[in-house]
Amino acid sequence: AQTVTQSQPEMSVQEAETVTLSCTYDTSENNYYLFWYKQPPSRQMILVIRQEAYKQQNATENRFSVNFQKAAKSFSLKISDSQLGDTAMYFCAFGGSQGTYKYIFGTGTRLKVLA
Amino acid sequence: GAGVSQTPSNKVTEKGKYVELRCDPISGHTALYWYRQSLGQGPEFLIYFQGTGAADDSGLPNDRFFAVRPEGSVSTLKIQRTERGDSAVYLCASSSLGGAEAFFGQGTRLTVV
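Line by line, the protein sequences give chains A and B.
The numbering of the first sequence is this note's numbering, which starts it at 2 and goes up by one.
The numbering of the second sequence is this note's numbering, which starts it at 10 and goes up by one.
No lab work stands behind these hints: they were computed from the structure.
Don't be surprised by glycine CBs; every beta carbon is placed ideally from N, CA and C.
Hints are supplied without guarantee of correctness; some may be wrong.
What the hints assert, rightly or not - Across the chosen pairs, the derived CB separations fall in these ranges:
| hint | chain 1 | residue 1 | chain 2 | residue 2 | range |
| --- | --- | --- | --- | --- | --- |
| 1 | B | Glu80 | A | Phe65 | 35 to 41 Å |
| 2 | B | Gly37 | A | Leu48 | 38 to 44 Å |
| 3 | B | Gly107 | A | Thr6 | 18 to 24 Å |
| 4 | B | Gly107 | A | Glu62 | 19 to 25 Å |
Unchecked claim - Partner residues aside, some chain B positions facing chain A, computed with beta carbon under 8 Å:
| hint | residue |
| --- | --- |
| 5 | Ala11 |
| 6 | Asp33 |
| 7 | Gly37 |
| 8 | Gln50 |
| 9 | Gly51 |
| 10 | Pro52 |
| 11 | Phe75 |
| 12 | Val77 |
| 13 | Gly81 |
| 14 | Ser96 |
| 15 | Gly116 |
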């Protein structure tokens with residue numbers, strides 16, 4: 002069975018600074034996807050970034066990038082130039098194998114961006 | 010519709026009562042997922058539909074929980090004899106065949122008193 006671990010319950014960062022959120026996972030599968038989702042107080046889960054396990058190149062979406070280490074089963078999220086609107090819960094998720102989005106989520110990291 | 014819609018947004022019910030939670034997925038999305046998010050936790054998978062049939066219901070905690078999707082679009086999650094431990098946010102998501110992600114609704118916060 003797959004597991005996802007986020008070891009940082011809370012983090013804070015000054016506006017315009019860079020922060021890195023950690024995630025480790027465990028799986029015996031070889032083809033899968035990893036995701037970072039943002040959940041603001043509205044409760045809606047919003048996709049931040051997605052990484053295919055077969056791709057060695059780290060995914061990047063504007064200010065968001067990942068450091069994907071497949072052998073170490075590590076998938077961290079880096080947020081550059083942090084903005085107040087980045088304040089939210091961030092969840093790491095494993096999924097997408099076998100063509101489904103039966104996600105396995107971590108417990109989340111609460112990120113607060115300080116003015 | 011433009012996004013996944015869930016109703017009601019909030020539901021308070023008494024212990025022992027029956028509740029129904031509705032999910033209206035993005036038009037044309039064949040896959041639909043239900044998740045439950047307890048306070049301070051990440052969402053946990055409950056059930057997955059492909060079309061009208063439940064392809065995987067391994068996450069349903071017990072037989073008080075049941076979900077249907079009779080026409081392959083709207084889905085209803087049904088909870089019988091509610092217990093205080095059922096209090097959580099119930100999230101629905103949908104995806105297209107071969108799509109790159111699942112899209113989530115804003116959830117229904119269920120409170121059992």
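Name the hints, by number, that the structure is in violation of. Violated hints: 2, 3, 5, 6, 7, 11, 12, 13, 14; rest satisfied.
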